[in-house]
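> Chain residues, written in single-letter form:
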Amino acid sequence: MSAPSSAPASGLAQIGKSVFIKGELSGSEDLYLDGQVEGSIALKGNSLTVGPNGQVKASVEAKGVVVQGKLEGNVQASDRVELRKSAVVTGDISTQRISIEEGAYLKGKVDIHRTDIK
Amino acid sequence: MSSVSQTFMKFFRGSSGPETIPAQGSQKLTRRSSGLGELARSWETAEGLCVLDLGSTSPTNIRHFTERGHRIYSEDLLTASTDPELPTTDEQGNAVLDSRKFLADNLVYPAAHFDVVLCWNLPDYLDESLVKPVVGRLWSVLKPGGMLLAFFHTRDAGPDSPCHRFHIVGPDTLEMQKIELRRDARRSGTAPSAIADGFQLQRVFNNRHIENLFRDFASIKFFLARDNIREVLVVR
Chain A
398 MSAPSSAPAS GLAQIGKSVF IKGELSGSED LYLDGQVEGS IALKGNSLTV GPNGQVKASV
458 EAKGVVVQGK LEGNVQASDR VELRKSAVVT GDISTQRISI EEGAYLKGKV DIHRTDIK
Chain B
416 MSSVSQTFMK FFRGSSGPET IPAQGSQKLT RRSSGLGELA RSWETAEGLC VLDLGSTSPT
476 NIRHFTERGH RIYSEDLLTA STDPELPTTD EQGNAVLDSR KFLADNLVYP AAHFDVVLCW
536 NLPDYLDESL VKPVVGRLWS VLKPGGMLLA FFHTRDAGPD SPCHRFHIVG PDTLEMQKIE
596 LRRDARRSGT APSAIADGFQ LQRVFNNRHI ENLFRDFASI KFFLARDNIR EVLVVR
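Chains as they are written, first to last, in the working numbering: chain A, 398 to 515; chain B, 416 to 651.
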């Protein structure tokens, strides 16, 4: 499984920094979010990247989550979570793997759930 | 709740103290900690502990606990105390921080939720008006028998008393890193000017102060270190 990229790649769905969305956001492709979202984000099987300008107040459910900006809400990732050094996260994180860069801020719980490999 | 007269108190002159060898960065020091060593036995032998780290977010500590199957909560109370909405005045007109608002926004957990609380040097640097309310809240969120580790300066060494964050790098070894105020607090201009260059030591607690502070806890144990730090391990 490859780690989700932190930079917006070509072909990747993007929400620019001038965009504000309020409500439920769901999809079946990877998403780069550099704007504001309030509500909930569901990208089951896909990855969410919150860019450096991104401001998210939402519960997040995705395969992978990379945070460079601000995220307020609980995060449930079936694969991994990456908090980059500029990340400011308030909420509980539940994931299989997590990496946190020096300088990242987290207020909340980290719960690692492991899937047994047979 | 037990009174302080019922507490079990011991003094140890252990080998805690800083090593002179700097760790990775120039501002990092490694330090042996007898209090941590004793506390670590609980998380090395038990499973599924609930740990609250009140220092700056530490990837090292998060990894340390999650690798062992424990749940860790991270909450940086010093940074939270710089909230610009907290300053107010008390009945005498003294400038204080609003402890009620502070506890409405922070340390919001069910009663008896945590097995371990890592307080580090928080009481030494936290505003006076928040110290007792915070310790009271910590008592309530700790499980009976749960343990709390805190560090206190034994004297004010002025500029030599910088506020540190602590990373667990061994069973009884910590890496200390000088705290710089968070960039976002600086950026938004919310930080009071007095802490713009970091947090200042607010006071020096003596043994009696510390006993009073934790008087509702069941026991308290002191570890004296060579670097003018008194480590305190309390049990609820």
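Each hint should be verified, as a subset may be incorrect.
Under the rule of at most 25 Å between Cα atoms (straight-line distance), these lysine-lysine pairs were calculated in the BS3-like manner [claimed, not checked]:
#1 A:Lys504 / B:Lys636
#2 A:Lys460 / A:Lys506
#3 B:Lys516 / A:Lys454
#4 B:Lys516 / A:Lys504
#5 A:Lys414 / A:Lys460
#6 A:Lys441 / A:Lys460
#7 A:Lys454 / A:Lys506
#8 A:Lys441 / A:Lys467
#9 A:Lys467 / B:Lys516
#10 A:Lys504 / A:Lys454
#11 A:Lys482 / B:Lys593
#12 A:Lys504 / A:Lys467
#13 A:Lys506 / A:Lys467
#14 A:Lys441 / A:Lys506
#15 B:Lys593 / A:Lys504
#16 A:Lys506 / B:Lys516
#17 A:Lys414 / A:Lys441
#18 A:Lys504 / A:Lys482
#19 A:Lys482 / A:Lys506
#20 A:Lys454 / A:Lys482
#21 A:Lys506 / B:Lys636
#22 B:Lys558 / A:Lys467
#23 B:Lys636 / B:Lys516
#24 A:Lys419 / A:Lys454
#25 A:Lys414 / A:Lys506
#26 A:Lys482 / B:Lys443
#27 B:Lys547 / B:Lys443
#28 A:Lys419 / A:Lys467
#29 A:Lys419 / A:Lys441
#30 B:Lys558 / B:Lys443
#31 B:Lys558 / B:Lys547
#32 A:Lys454 / A:Lys441
#33 A:Lys419 / B:Lys516
Just so you know, these hints were derived from the structure itself, not from any lab.
> Would you mind marking each hint as holding or not holding in the structure?
Going down the list of hints, with the structure as the test:
Between the alpha carbons of A:Lys504 and B:Lys636 the distance comes to roughly 29 Å, so the proposed pair goes past 25 Å and is violated. Pair hint A:Lys460 plus A:Lys506 holds up; C-alpha atoms about 18 Å apart against a cutoff of 25 Å. Between B:Lys516 and A:Lys454 the alpha-carbon distance is near 22 Å, which keeps this suggested pair within the 25 Å criterion. A threshold of 25 Å between alpha carbons decides the hint, and for B:Lys516 with A:Lys504 the separation of about 17 Å falls inside it, so the pair holds.
For the proposed pair A:Lys414 and A:Lys460, the alpha carbon gap of about 23 Å is at most 25 Å, so the pair holds. A hinted pair counts as satisfied when its Cα atoms are at most 25 Å apart, and A:Lys441 with A:Lys460 qualifies at roughly 6 Å. Pair hint A:Lys454 plus A:Lys506 holds up; C-alpha atoms about 17 Å apart against a cutoff of 25 Å. Restraint check for A:Lys441 and A:Lys467: the C-alpha separation of about 21 Å stays at or below 25 Å, so the hint holds.
Between A:Lys467 and B:Lys516 the alpha-carbon distance is near 23 Å, which keeps this suggested pair within the 25 Å criterion. For the hint linking A:Lys504 to A:Lys454, the alpha-carbon distance of about 14 Å falls within 25 Å, and the restraint holds. Among the hinted pairs, A:Lys482 with B:Lys593 is consistent with the structure: their alpha-carbon atoms are about 17 Å apart, no more than 25 Å. For the given pair, A:Lys504 sits about 12 Å from A:Lys467 by alpha-carbon distance, which is consistent with the 25 Å threshold.
Only pairs whose Cα atoms come within 25 Å are accepted, and A:Lys506 paired with A:Lys467 is accepted, the gap being roughly 16 Å. As the CA atoms of A:Lys441 and A:Lys506 are separated by approximately 21 Å, the hinted pair is consistent with the 25 Å bound. Of the pairs offered as hints, the one joining B:Lys593 and A:Lys504 holds, with about 20 Å between alpha carbons and a cut-off of 25 Å not exceeded. With a CA separation close to 22 Å, the supplied pair A:Lys506 and B:Lys516 stays within the 25 Å bound.
Distance restraint check for A:Lys414 and A:Lys441: the Cα-Cα separation of roughly 23 Å lies within the 25 Å cut-off, and the hinted pair is therefore satisfied. Among the hinted pairs, A:Lys504 with A:Lys482 is consistent with the structure: their alpha-carbon atoms are about 14 Å apart, no more than 25 Å. As the CA atoms of A:Lys482 and A:Lys506 are separated by approximately 18 Å, the hinted pair is consistent with the 25 Å bound. For the hint linking A:Lys454 to A:Lys482, the alpha-carbon distance of about 19 Å falls within 25 Å, and the restraint holds.
Between A:Lys506 and B:Lys636, the direct Cα distance comes to roughly 28 Å. Violation of the 25 Å bound is thereby established for this hinted pair. For the given pair, B:Lys558 sits about 32 Å from A:Lys467 by alpha-carbon distance, which is inconsistent with the 25 Å threshold. For the hint pairing B:Lys636 with B:Lys516, the CA-to-CA distance comes to about 32 Å; that exceeds 25 Å, so the pair is violated. As the CA atoms of A:Lys419 and A:Lys454 are separated by approximately 9 Å, the hinted pair is consistent with the 25 Å bound.
For a cut-off of 25 Å, the pair hint linking A:Lys414 to A:Lys506 is broken: about 28 Å separates their Cα positions. Among the hinted pairs, A:Lys482 with B:Lys443 is consistent with the structure: their alpha-carbon atoms are about 18 Å apart, no more than 25 Å. Simply put, B:Lys547 and B:Lys443 have alpha-carbon atoms about 30 Å apart, too far for the 25 Å limit, and the pair is violated. Using a Cα cut-off of 25 Å, the hinted pair A:Lys419 and A:Lys467 holds, with the two alpha carbons roughly 16 Å apart.
Proposed proximity of A:Lys419 and A:Lys441 is supported: the alpha carbons are some 19 Å apart, at most 25 Å. The hinted pair formed by B:Lys558 and B:Lys443 fails the criterion: a straight-line CA distance of about 33 Å is larger than 25 Å. Among the hinted pairs, B:Lys558 with B:Lys547 is consistent with the structure: their alpha-carbon atoms are about 19 Å apart, no more than 25 Å. Taking the CA atoms of A:Lys454 and A:Lys441, the gap is near 18 Å; set against the 25 Å cutoff, the hint holds.
Straight-line distance between C-alpha atoms of A:Lys419 and B:Lys516 comes to about 28 Å, which puts the hinted pair past the 25 Å bound.
Comparing the model with each earlier hint shows violations of hints 1, 21, 22, 23, 25, 27, 30, 33; every other hint is respected.
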